[in-house]
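Peer 1: Sequence:
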Amino acid sequence: MRFLPNPISIPMSLSNNVFKKHWLFDLVLNDFLLRSISRFRYEVSFEALDKCAIDILLLCYV
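Start counting the sequence shown at 1; every next residue gets the next number (our numbering).
Fair warning: there could be bad hints in the mix.
Claimed, not checked - Across the chosen pairs, the derived CB separations fall in these ranges:
no.: 1; residue 1: C60; residue 2: S36; range: 33 to 41 angstroms
no.: 2; residue 1: L27; residue 2: C52; range: 35 to 43 angstroms
no.: 3; residue 1: L29; residue 2: C60; range: 38 to 46 angstroms
no.: 4; residue 1: V28; residue 2: C60; range: 28 to 36 angstroms
no.: 5; residue 1: D26; residue 2: A48; range: 27 to 35 angstroms
no.: 6; residue 1: V28; residue 2: A53; range: 33 to 41 angstroms
Bear in mind the hints are in silico, worked out from the structure with no lab data behind them. Keep in mind the model is a prediction, meaning the values are calculated, not measured. We put the beta carbon where it would ideally sit given N, CA and C, even for glycine.
Working from the sequences, and respecting the hints, build out all of it.
Peer 2: Shown next, in the form of structure tokens:
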């Protein structure tokens with residue numbers, strides 16, 4: 001008796017593997033995109049503007 005693979009089961013198993021490993025996309029998205037955006041937001045908005053605000057307040061009261 002000869003067993004032949006089901007032609008529908010092969011593509012389904014391949015697509016199922018991709019969806020099971022979706023956490024890799026989340027990891028890449030988190031590490032590269034979101035961390036760089038968060039770092040940029042902190043460095044530009046918080047550090048630069050905070051330093052400028054302190055300098056402006058000190059100059060106004062001197």
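Peer 1: Now tell me, hint by hint, if it's right for this structure.
Peer 2: Hints, verified against the model:
1. For C60 paired with S36, a C-beta distance near 35 angstroms keeps the hint of 33 to 41 angstroms intact.
2. In this structure the hint that L27 and C52 lie 35 to 43 angstroms apart at CB holds, the actual value being about 36 angstroms.
3. The supplied range of 38 to 46 angstroms is met by L29 and C60, whose beta-carbon atoms lie about 43 angstroms from each other.
4. The hinted window of 28 to 36 angstroms between V28 and C60 is violated, with their beta carbons roughly 46 angstroms apart.
5. Between D26 and A48 the beta carbon distance is about 31 angstroms. The supplied range of 27 to 35 angstroms therefore holds.
6. Between V28 and A53 the Cβ separation comes to about 36 angstroms, which falls inside the hinted range of 33 to 41 angstroms.
Consistency note: the structure conflicts with earlier hint 4 alone.
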